[in-house]
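Please build the complete structure, drawing on both the sequences and the hints.
2 protein chains.
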Amino acid sequence: MSEPLRTVNVGLIGLGTVGGGVARLIKSHHDEYLAAYGIDLKLTRACALAWEQAEAAGIEREAFTSDWHDVVTDPAVDIVVELIGGEHPATEIFTTAFENGKHVVSANKALLGRHVETLAEKARACGVQIKCEASCGGGIPIVSTLEHDLVGNKILTIAGILNGTTNYILSRMDAEGADYADVLADAQAKGYAEADPSADVDGFDAASKTAILASIGFGTRVTTDDVYQQGIRTIGAEDIAQARELGYTIKLLGIARNTDAGVDVRVHPTLIPADHMLAKVNGAMNAVYVVGDAVGETMFYGAGAGSFPTASAVVGDILSLSEQISRGVVPLPEIEPYGHNLAFKPMDELQTKYYVRLKVADRVGALSETVDIFAKHNISISLINQVEDGKSGVSDACSVIFLTHRALEKDVQAAAAELASVDCVAEVANVLRIEDVEAWTEGVMAN
Amino acid sequence: MSEPLRTVNVGLIGLGTVGGGVARLIKSHHDEYLAAYGIDLKLTRACALAWEQAEAAGIEREAFTSDWHDVVTDPAVDIVVELIGGEHPATEIFTTAFENGKHVVSANKALLGRHVETLAEKARACGVQIKCEASCGGGIPIVSTLEHDLVGNKILTIAGILNGTTNYILSRMDAEGADYADVLADAQAKGYAEADPSADVDGFDAASKTAILASIGFGTRVTTDDVYQQGIRTIGAEDIAQARELGYTIKLLGIARNTDAGVDVRVHPTLIPADHMLAKVNGAMNAVYVVGDAVGETMFYGAGAGSFPTASAVVGDILSLSEQISRGVVPLPEIEPYGHNLAFKPMDELQTKYYVRLKVADRVGALSETVDIFAKHNISISLINQVEDGKSGVSDACSVIFLTHRALEKDVQAAAAELASVDCVAEVANVLRIEDVEAWTEGVMAN
Numbered sequence: 001m002s003e004p005l006r007t008v009n010v011g012l013i014g015l016g017t018v019g020g021g022v023a024r025l026i027k028s029h030h031d032e033y034l035a036a037y038g039i040d041l042k043l044t045r046a047c048a049l050a051w052e053q054a055e056a057a058g059i060e061r062e063a064f065t066s067d068w069h070d071v072v073t074d075p076a077v078d079i080v081v082e083l084i085g086g087e088h089p090a091t092e093i094f095t096t097a098f099e100n101g102k103h104v105v106s107a108n109k110a111l112l113g114r115h116v117e118t119l120a121e122k123a124r125a126c127g128v129q130i131k132c133e134a135s136c137g138g139g140i141p142i143v144s145t146l147e148h149d150l151v152g153n154k155i156l157t158i159a160g161i162l163n164g165t166t167n168y169i170l171s172r173m174d175a176e177g178a179d180y181a182d183v184l185a186d187a188q189a190k191g192y193a194e195a196d197p198s199a200d201v202d203g204f205d206a207a208s209k210t211a212i213l214a215s216i217g218f219g220t221r222v223t224t225d226d227v228y229q230q231g232i233r234t235i236g237a238e239d240i241a242q243a244r245e246l247g248y249t250i251k252l253l254g255i256a257r258n259t260d261a262g263v264d265v266r267v268h269p270t271l272i273p274a275d276h277m278l279a280k281v282n283g284a285m286n287a288v289y290v291v292g293d294a295v296g297e298t299m300f301y302g303a304g305a306g307s308f309p310t311a312s313a314v315v316g317d318i319l320s321l322s323e324q325i326s327r328g329v330v331p332l333p334e335i336e337p338y339g340h341n342l343a344f345k346p347m348d349e350l351q352t353k354y355y356v357r358l359k360v361a362d363r364v365g366a367l368s369e370t371v372d373i374f375a376k377h378n379i380s381i382s383l384i385n386q387v388e389d390g391k392s393g394v395s396d397a398c399s400v401i402f403l404t405h406r407a408l409e410k411d412v413q414a415a416a417a418e419l420a421s422v423d424c425v426a427e428v429a430n431v432l433r434i435e436d437v438e439a440w441t442e443g444v445m446a447n
Numbered sequence: 001m002s003e004p005l006r007t008v009n010v011g012l013i014g015l016g017t018v019g020g021g022v023a024r025l026i027k028s029h030h031d032e033y034l035a036a037y038g039i040d041l042k043l044t045r046a047c048a049l050a051w052e053q054a055e056a057a058g059i060e061r062e063a064f065t066s067d068w069h070d071v072v073t074d075p076a077v078d079i080v081v082e083l084i085g086g087e088h089p090a091t092e093i094f095t096t097a098f099e100n101g102k103h104v105v106s107a108n109k110a111l112l113g114r115h116v117e118t119l120a121e122k123a124r125a126c127g128v129q130i131k132c133e134a135s136c137g138g139g140i141p142i143v144s145t146l147e148h149d150l151v152g153n154k155i156l157t158i159a160g161i162l163n164g165t166t167n168y169i170l171s172r173m174d175a176e177g178a179d180y181a182d183v184l185a186d187a188q189a190k191g192y193a194e195a196d197p198s199a200d201v202d203g204f205d206a207a208s209k210t211a212i213l214a215s216i217g218f219g220t221r222v223t224t225d226d227v228y229q230q231g232i233r234t235i236g237a238e239d240i241a242q243a244r245e246l247g248y249t250i251k252l253l254g255i256a257r258n259t260d261a262g263v264d265v266r267v268h269p270t271l272i273p274a275d276h277m278l279a280k281v282n283g284a285m286n287a288v289y290v291v292g293d294a295v296g297e298t299m300f301y302g303a304g305a306g307s308f309p310t311a312s313a314v315v316g317d318i319l320s321l322s323e324q325i326s327r328g329v330v331p332l333p334e335i336e337p338y339g340h341n342l343a344f345k346p347m348d349e350l351q352t353k354y355y356v357r358l359k360v361a362d363r364v365g366a367l368s369e370t371v372d373i374f375a376k377h378n379i380s381i382s383l384i385n386q387v388e389d390g391k392s393g394v395s396d397a398c399s400v401i402f403l404t405h406r407a408l409e410k411d412v413q414a415a416a417a418e419l420a421s422v423d424c425v426a427e428v429a430n431v432l433r434i435e436d437v438e439a440w441t442e443g444v445m446a447n
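As they're listed, the protein sequences go chains A and B.
Under the numbering used here, residues 1 to 447 are what the first sequence spells out, in order.
Under the numbering used here, residues 1 to 447 are what the second sequence spells out, in order.
Just so you know, these hints were derived from the structure itself, not from any lab.
From the three backbone atoms N, C-alpha and C, an ideal C-beta is built for every residue, glycine too.
Hints should not be assumed to be uniformly reliable.
[As the list claims (entries may be wrong)] Here are the simulated PhoX-like pairs of lysine-lysine, each with C-alpha atoms no more than 25 Å apart in a straight line:
{"id": "1", "chain 1": "B", "residue 1": "154", "chain 2": "B", "residue 2": "190"}
{"id": "2", "chain 1": "A", "residue 1": "345", "chain 2": "A", "residue 2": "154"}
{"id": "3", "chain 1": "B", "residue 1": "280", "chain 2": "B", "residue 2": "359"}
{"id": "4", "chain 1": "A", "residue 1": "345", "chain 2": "A", "residue 2": "280"}
{"id": "5", "chain 1": "A", "residue 1": "280", "chain 2": "B", "residue 2": "280"}
{"id": "6", "chain 1": "B", "residue 1": "27", "chain 2": "A", "residue 2": "154"}
{"id": "7", "chain 1": "A", "residue 1": "122", "chain 2": "A", "residue 2": "190"}
{"id": "8", "chain 1": "A", "residue 1": "353", "chain 2": "A", "residue 2": "280"}
{"id": "9", "chain 1": "B", "residue 1": "410", "chain 2": "B", "residue 2": "345"}
{"id": "10", "chain 1": "B", "residue 1": "42", "chain 2": "A", "residue 2": "154"}
{"id": "11", "chain 1": "A", "residue 1": "42", "chain 2": "B", "residue 2": "280"}
{"id": "12", "chain 1": "B", "residue 1": "154", "chain 2": "A", "residue 2": "27"}
{"id": "13", "chain 1": "B", "residue 1": "410", "chain 2": "B", "residue 2": "359"}
[Stated by the list, open to error] Partial list, computed: chain A residues near chain B (C-beta under 10 Å):
{"id": "14", "residue": "219"}
{"id": "15", "residue": "315"}
{"id": "16", "residue": "323"}
[Said to hold, decoys possible] Where chain B lies over chain A, by a calculated footprint (3+ residues, C-beta under 8 Å):
{"id": "17", "region": "34-41"}
{"id": "18", "region": "132-143"}
{"id": "19", "region": "146-158"}
{"id": "20", "region": "303-313"}
Here's what the structure looks like:
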């Protein structure tokens, strides 16, 4: 080893699932990092609420503190790793660390989804970096891919299975013909889903990640609030079965498109062709499909959560910073990364095909009334299919699936509202989008 | 834009499919790179055998030369891009460029597959870098992923569909039930396969890429010569059909495993479970499946060839070097990257299940004789299936498929040799490995 070795001091805040994994990974791989990269990585400070947590993660007694200020102000610390999540005190940890000249590695999608731009500006002003590979897609190196590897491209589309819990639920519903509530209950019993599952099943988690990936991929300002959001609670076994019969798979996708009509960002259950690569991603695994104008279609697949997969991303960021620090080179702040200020395409203006499931009154003329309402809103129907479900919950109504031709979101929502208000419709059970995956590759350069 | 802008001068050698794509990508995206990264990327010199080639790629007259020495010795050039392929004069281009203080970006898998270590040493001695993202997997950012993003892991397994031509042929054989020769002829007619297809169908191309990825992923010396190599010429429609019936898909895989028994590197047609992510990669697309001990299973999917996909990788490398050059920071040479000097596991010692197709004489006792030969070589058979193919080419013989239990490569090859020599066997049509994909994730850290 001819390079000078240097100790890089890490200050770790948060010793939960991910933080504990990071501590254990750094400890078990210390000698390998030293041999391979010349980096003597030390967990110099570690902060958790209780010593027991730190002890379980193998932290030395003298490194432990329960006050995060001790970590971010410690002159020895080169890199602060924030793994507590949430907005506060994470924001204060970031800014105090920056002011003390420390780089920050974080997996905090909630914070970065809302404030990546202002935090990046602050880091830039202080001459330090934020690295957030672990905030999206767990162990999948997707942030780095967008930030570095695909920079020769204009990124046209990002479409991701970004939440393992919902993909696990939808995959099991598909494999077993099971109902949402039953699979969710089982997933909760097994620890795959939280007691309060809303961050996952209502799409918040995926929306934060979609915002971060769109910001980085498109080089523009996208926050979680810009992302249209619809969850999977209304998806039933009959929807999955119907979709499959029509050649589709239902996935909760975070979709970001960089179109001439503006940036289109949304999270919702989506019908995609069953032979699309994203449709083949099952269980709790994540995948991010990216289209660049030069590279064309790509997909990046891996574990989106879990202690060691996420720790892999965190430690990758730490080592990336360390390789520069260890040679005395100050890591370069990125050039103003969100400079494009692209306009958004309003959700109302989305045009695609739709899958609508209604509970229609079981009487003559009811179906014809519903079709009239679609027509009144400029929506033309390509298929109507009455579903035998035997458990519609409304004894004098039956489930009917409508597939539309290409229609305008605004019109479909207006039609859905009117359908919900008329006597012949007992329930508008689902309004789902059938994604035009062909459009995802529009703008790819012809070879 | 508050950062100082700087012109980065690129010298491009080779203006074929990839070189032409690089020239056109740099030209069409010049303003975008300037706006987004502050880099004024200039194609200062470009070398091709004929001016017409350069003109077609949009090269300025004054930048053109037909002598590569003009490019590597031009004091203005910061980065040399070598896209001519082959060993000579590519080797001289690399070394002269290094001696002139220039970084080299290359897609030259043949050269790097044999000499990546010595070239990297030379670059290191000259204080410059080699970037070779485009040498493996075309547009898929797999080199960077192994070099940077997954550095927190011990890489356990790399298994890739690294050759688009063979995946296209195998996918079409699978979809259409077609024979190898027919699909190859059609692929040649359409320009998907070369007139002399041996580099693709015999596995040379995949072997070079496997060597490069294993070198980088495991941090050890692996050259193309270390990679066991078997192509797809012997695969027939009946093999594909039989495999499918047994729940497998046949893919030409480049497999590299970092095991306690040594590094195991090989390219061969492989039976993998039909529900494995690699089995779902169809057509000319490539994918690299990587297992790290922390991150677990990952897969990276995209176009493995083509003008703009490969140019995406080349320009990604150019911009990565440029971001450092443009701020006056000399890109850091990597720490001795192939320092592990791991031992190889001899191919003879491979242990897995096998798929063997024999043409067995159509007479009483013939089958029993073959089974005896397997038994004599310590190979136990799990399934025997006589195939009705109607076109075996040997009128008094029939195709019989044997699946083995776990056996030793050495024993299987010895049995195959003996089977080939006995009267009751007309032909040993195929000896294929059924990959133990469960073993690929052995050593992953438990969450």
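Numbers of unmet hints, in rising order: 1, 3, 4, 7 and 11
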